[in-house]
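Peer 1: If you read the sequences in order, they're chains C and X. Numbering-wise (the numbering used here), the first sequence opens with residue 4 and increments by one. Numbering-wise (the numbering used here), the second sequence opens with residue 148 and increments by one.
No lab work stands behind these hints, which were simulated from the structure alone. A couple of the hints might just be wrong.
[Unchecked claim] Just the calculated beta-carbon pair ranges, DEER-fashion:
1) X/212 <-> C/166: 32 to 42 Å
2) X/150 <-> C/298: 42 to 52 Å
3) X/213 <-> C/40: 32 to 42 Å
[To be verified] Chain C regions said to be covered by chain X (calculated; three or more residues, Cβ under 8 Å):
4) 22-35
5) 76-88
6) 94-105
7) 254-264
8) 276-289
[Said to hold, decoys possible] Some chain X residues near chain C, calculated using beta-carbon distances under 8 Å:
9) 162
10) 170
11) 201
12) 220
13) 221
14) 226
15) 242
Here a beta-carbon is modelled for each residue, glycine too, at the ideal position from N, C-alpha and C.
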Amino acid sequence: WNFLPIIYLVGSVTFIIGLKMLSHPATARKGNLIAAGGMTLAILGTIFLYRHNGERLHNYGWIFAGLLIGGVIGVLAARKVKMTAMPEMVSLFNGMGGACAALISVVEFNHMISVPPEGGIISTVIKAITDTGPASLSGRTLIILLGLIIGTVSFAGSMIAWGKLNGRIRDFAFRGQHIVNLLVLGVSVVAAAYLVAAIDNHVQPELSAGLELRLQADGIVRWLFYLVLLLSVVYGVLFVMPIGGADMPVVISLLNSFTGVAAACGGFLYNNPVMLTGGILVGSAGTILTILMCRAMNRSLKNVLIGSFGGAKTGVA
Amino acid sequence: MIASLLSFIQQHLELIYIVILSVFLGIEVISRVPSVLHTPLMSGANAIHGVVIIGAIIVMGEAPADNYLALVLGFLAVILGTLNVVGGFVVTDRMLEMFKSKSQNPNSKSQTAKSK
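Using the sequences provided together with the hints, build the complete structure.
Peer 2: What follows is the structure in structure tokens.
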């Protein structure tokens, strides 16, 4: 009997209750603590109770060292920061979450296409397939790429937003930047689609023929994957660069909901309901919050995101 | 490719139901937030998406001992994810602490009473 699903259920419920309580002044602080409690429970449950094909996790030393380092730095940074500098701190932590999601995608991708030494059965790929059936590979690739793109954009954008709020980076825009932005995004989407198709084409026929799996496209597939990563960084930077400093809270809120969606991709990857609910809740609540923030500032989201280009144009002219 | 993506959806139908319901739930849950709480709520939501740390722990815990790329990237992911979770909740708590000391004076207390 495994308690982990029940722990995940409790975690998901605390996130919902926490968000609900966070939106009322009287209960907000308690709501934050409840969500934090649920998170702690979910993390401890994963460390000690997680099983994959009957195997438990290993590398406990690394896991606890990482938790300790991140925890100590996180507490110190959050306690030392001045009240006025809190929005930029939120942006920084949001970027860390995005980077975390992107790193998960990088490791899982390499895991998926890894080709072990000659002669052996390609155990890793086989394992991934026997979990949910052959068709899962292209779906899995799609989810990995989604997590990579959204997480990386959120990371790069948050870093720029952080730099802008503490005055290290100034607004920067050039003529026709929105065309360049769309181009960068378009190319990375096409590359990602090609990757999914390539993995689908290479794996399916060989699998149905009952042959040993082997991704012959290893070289180009890997190259394309890192191209998507690079383009996502560029897009994240270009996306936030032209937006004025006063609009930064809105942008951070938007990037916050991006990271939520990236986290939810992990939920699909690991069939993990708590990652899914946590991520999607933040994704949808964050989007609505972004719109509400715009409304409170008497602006429209469209103006914040696109109006900046107009402003840059008049600046040039 | 379409066929295999469709069967991916069928295999994950339960998760897709959760996604759709969560989207509407997220919208409902915060739709009446007063504007003073915008920043703390953003910060709280920021901490909650730190749940991505679970993925990082799984990546780290499943990395083979001889795969240094996976070990290093997984380790980095655990650190970054923990920063997101711990830093996020602590910053939110500090923001709300500020709030509480404000609402302890009688004026704003009557305001919260009114809003109820």
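Peer 1: With reference to the structure, classify each hint as holding or not holding.
Peer 2: Going through the hints against the structure:
1. X/212 <-> C/166: 32 to 42 Å: 38 Å, holds
2. X/150 <-> C/298: 42 to 52 Å: 44 Å, holds
3. X/213 <-> C/40: 32 to 42 Å: 38 Å, holds
4. 22-35: holds (count 11)
5. 76-88: holds (count 8)
6. 94-105: holds (count 8)
7. 254-264: holds (count 6)
8. 276-289: holds (count 14)
9. 162: With a closest approach of 6 Å, the residue 162 of chain X hint holds.
10. 170: 4 Å, holds
11. 201: Holds: closest Cβ of chain C sits about 5 Å from residue 201 of chain X, inside 8 Å.
12. 220: Holds, about 5 Å.
13. 221: 6 Å, holds
14. 226: For residue 226 of chain X, the interface hint holds, since the closest Cβ of chain C sits about 4 Å away, which is under 8 Å.
15. 242: The hint holds - residue 242 of chain X has a Cβ within 8 Å of chain C, the shortest such distance being about 6 Å.
Comparing the model with each earlier hint shows no violations; every hint is respected.
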